[in-house]
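Peer 1: Chain by chain, the residues:
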Amino acid sequence: MSHPRIPDPSLVRGLTSRRLDRRDALRMSGLAALGAALSACGVKGKGSPAASAPAADAVAKYWNGKTSNGKLTFANWPLYMDPKHPELQKFTAATGVQVKYEEVIQEMGPWFAKVQPQLAAGQDIGYDLMVITNGIQFKQFVQSGFLAPLDHSKLPNYAKNADPAYAKEAFDPGNAYTIPWTSGMTGIAYDPKKVNRPITKLADLWDPAFKGKVGMFSDTQELGNFGMLALGIDPAKSAPADWKKAAAKLKEQKQQGILRNYYDQSYVDALGKGEVWITQAWSGDIFQKNVSDGANFKFVIPEEGGTIWTDNFAIPITAKNPSDAIKLMDFFYQVDVAASLAEYINYVCPVPAAKEQIKKDAAAATGADKASMEAVAKSPLVFPTADDYARLHYYRDFATAAEQQEYQSIFEPIVLG
Amino acid sequence: MLRRRLAPYLLVLPGGLWLLLFFVVPMVTMLSLSLQEGDVVTGYVFTGHWQTYADAIVNYRTQLVRSLAYGAVTTLILIVLAFPVAYWIAFYAGRRKATYLFLLLLPFFVSFVLRTISWRQILTDDGMVLGPLKHLGLLSSSAHILGTPAAVIGGLAYNFLPFMVLPIYVALERIDPRVVEAARDLYADPATAFRKVIFPLALPGVFAGVLMTFVPASSDYVNSAVLGSSSTTMIGQVIQSQYLTSSNYPTASALSFTLMAVLLIGVFAYARALGTEDVMKVAAR
Numbered sequence: 007m008s009h010p011r012i013p014d015p016s017l018v019r020g021l022t023s024r025r026l027d028r029r030d031a032l033r034m035s036g037l038a039a040l041g042a043a044l045s046a047c048g049v050k051g052k053g054s055p056a057a058s059a060p061a062a063d064a065v066a067k068y069w070n071g072k073t074s075n076g077k078l079t080f081a082n083w084p085l086y087m088d089p090k091h092p093e094l095q096k097f098t099a100a101t102g103v104q105v106k107y108e109e110v111i112q113e114m115g116p117w118f119a120k121v122q123p124q125l126a127a128g129q130d131i132g133y134d135l136m137v138i139t140n141g142i143q144f145k146q147f148v149q150s151g152f153l154a155p156l157d158h159s160k161l162p163n164y165a166k167n168a169d170p171a172y173a174k175e176a177f178d179p180g181n182a183y184t185i186p187w188t189s190g191m192t193g194i195a196y197d198p199k200k201v202n203r204p205i206t207k208l209a210d211l212w213d214p215a216f217k218g219k220v221g222m223f224s225d226t227q228e229l230g231n232f233g234m235l236a237l238g239i240d241p242a243k244s245a246p247a248d249w250k251k252a253a254a255k256l257k258e259q260k261q262q263g264i265l266r267n268y269y270d271q272s273y274v275d276a277l278g279k280g281e282v283w284i285t286q287a288w289s290g291d292i293f294q295k296n297v298s299d300g301a302n303f304k305f306v307i308p309e310e311g312g313t314i315w316t317d318n319f320a321i322p323i324t325a326k327n328p329s330d331a332i333k334l335m336d337f338f339y340q341v342d343v344a345a346s347l348a349e350y351i352n353y354v355c356p357v358p359a360a361k362e363q364i365k366k367d368a369a370a371a372t373g374a375d376k377a378s379m380e381a382v383a384k385s386p387l388v389f390p391t392a393d394d395y396a397r398l399h400y401y402r403d404f405a406t407a408a409e410q411q412e413y414q415s416i417f418e419p420i421v422l423g
Numbered sequence: 005m006l007r008r009r010l011a012p013y014l015l016v017l018p019g020g021l022w023l024l025l026f027f028v029v030p031m032v033t034m035l036s037l038s039l040q041e042g043d044v045v046t047g048y049v050f051t052g053h054w055q056t057y058a059d060a061i062v063n064y065r066t067q068l069v070r071s072l073a074y075g076a077v078t079t080l081i082l083i084v085l086a087f088p089v090a091y092w093i094a095f096y097a098g099r100r101k102a103t104y105l106f107l108l109l110l111p112f113f114v115s116f117v118l119r120t121i122s123w124r125q126i127l128t129d130d131g132m133v134l135g136p137l138k139h140l141g142l143l144s145s146s147a148h149i150l151g152t153p154a155a156v157i158g159g160l161a162y163n164f165l166p167f168m169v170l171p172i173y174v175a176l177e178r179i180d181p182r183v184v185e186a187a188r189d190l191y192a193d194p195a196t197a198f199r200k201v202i203f204p205l206a207l208p209g210v211f212a213g214v215l216m217t218f219v220p221a222s223s224d225y226v227n228s229a230v231l232g233s234s235s236t237t238m239i240g241q242v243i244q245s246q247y248l249t250s251s252n253y254p255t256a257s258a259l260s261f262t263l264m265a266v267l268l269i270g271v272f273a274y275a276r277a278l279g280t281e282d283v284m285k286v287a288a289r
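Chains as they are written, first to last, in my numbering: chain R, 7 to 423; chain X, 5 to 289.
Keep in mind the hints are simulated off the structure, nothing from the lab.
C-beta atoms are modelled at their ideal positions from N, C-alpha and C, and glycine is treated no differently.
Please note: incorrect hints may appear among the correct ones.
On the chain X side, residues computed to face chain R include the following (Cβ under 7 angstroms) [unchecked claim]:
no., residue
1, Ser-36
2, Gly-47
3, Ser-233
4, Ser-235
5, Thr-262
Please model the complete structure; the sequences and the hints are all you need to start from.
Peer 2: If you want it as structure tokens, here you go:
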């Protein structure tokens, strides 16, 4: 092992002079075949970035001949319904349609990446209804033609009871493909037992006093939004230069060891286990965690502002039971159903009339239930006032794929540390 | 006559087809993906865009280097931990060898991910280990193990331990006791006998163990995801996230190939340094 290796002279010759024999020729033709194979395996996309509104006859074409099958599978996020599913039981009792409810969505990126290949191949994804957030992947769902256009003649309760403001939202004008499940806010949650002072502002997420105990979202839009808001930039009007500034601000939080980790929906668990003391959070989750675990976490919209987003019902274009799915969508717009959902999940209710219904429910209830319902009817997290909305910011809407990729290329490396 | 000449080819056919279908085809597809450009909505098209490799390596070099470092440290820890275990089972376990080997493999009856998650439960900030220590005031309330490189390397070492013990055990098991006796007869003290006879004979086992732990540990993505934090991200996680969160197939594929190339070069260099031919000869005995 220790003696120097003397190169074989034939090896030196082989390395320095190039000769082509039959074997080389074969090898080269093999390379050519490989080249052909390489260019043959392109990954097909489905859509074009321009397609964002459905063609005039798309609704009729899609819904023609679709009938109820008496069942559907519903993909939703965790902490988005009473675990006993009272609303779904009511739906089954009223319509006879069986609902399989699965809490399979934790974050938009992985969800889109998971179902994209099947949808692009025109295959059923196993879900007839899903709840997706407005943002990058929402746009990708629409542009790829993955969402069934909605037949509004099948949504009478929606027409009657929904807050008309939702039809004007930029991500889905006229609610062509989706209608809201709920809206929610992104703010800060903290454990007052560990954090010995009231948290009021975004700067607290950068406080070295909480070193190793701060959580942020791994979703690039959620993360970027807070980086920008901390610098006083409105995310909806931001430009690439702002993204870079926000990225630097977020890197600082990480490099100084203040940040513990970037989380998807699992942040609730991390807060519960004491892994994080203060974290970026979604409004209703904390309320539900407190109810279910008897915890006493607090949720605040920071002084600098929080963000507001909408989670939306959508039917995947390959769904097997779309008629049942649209029936369930409309069912959630009955005032009593919307009220019962909001009472439990504490997210922004898209049905304004539910407020009166909750007050009525409260009047009929007793004890702790009564107090909790009265609180929900008054809660700015469920029925925000105009003042509340003034402090909330919308997501950046990306005009082109290139713009969106630039955004991702700035924030993704931060999340992936 | 013809049948006799065809027989070897026919024998290799099932395995060959299997490899073609499940190894060559995915590899070619992935190589193609790594050279494509586009986005997930409009689709990816092959353009022979090698720049993706350069960008991917520049953007994610930290994670690449970190993964190799974690893999190397894990492997060293494993050699230190596994050698005594294997030595003891091979020379002192007597007729209970099979029992001890079974005990070593017992945790493998539970899923790898579940076992890692249970470590998370044990090590969590206010959990059964840190909770009491913090309660007694021995640790500050913000002290934590999870989210640190130590937690990730610990998880890797825990999960890959049997892959190091078993090959070393097999190598030690094969040593003829008379060789050791001969060393003693020739006035070697126990330490010298170990150093000059047992250890060199166990090297093929160590070599195999290193291959079986360093390569998967460097490309692992579960331990860091479950036990680590954003400052312990490994390259496997980046690849997984590029595929399964960003749908950025070209970058994910380019990183996969880069990782494979780096590991292959590393393994060959290592084999070279150790003098593989000898090692392989002994291993094949």
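Peer 1: Now tell me if each hint is right for this structure.
Peer 2: Results of checking the hints against the structure:
Annotation: interface hint on X:Ser-36 holds; nearest CB of chain R at approximately 4 angstroms, less than 7 angstroms. A distance limit of 7 angstroms between C-beta atoms decides the matter here; for X:Gly-47 the minimum to chain R is near 3 angstroms, and the interface restraint holds. Look at X:Ser-233: its Cβ gets to within about 4 angstroms of chain R, closer than 7 angstroms, so that hint holds up. The interface hint given for X:Ser-235 is met, as the beta carbon of that residue sits about 5 angstroms from the closest beta carbon of chain R, less than 7 angstroms.
With 7 angstroms as the threshold, the beta carbon of X:Thr-262 stays out of range of chain R, its nearest partner Cβ sitting at about 15 angstroms, so the hint is violated.
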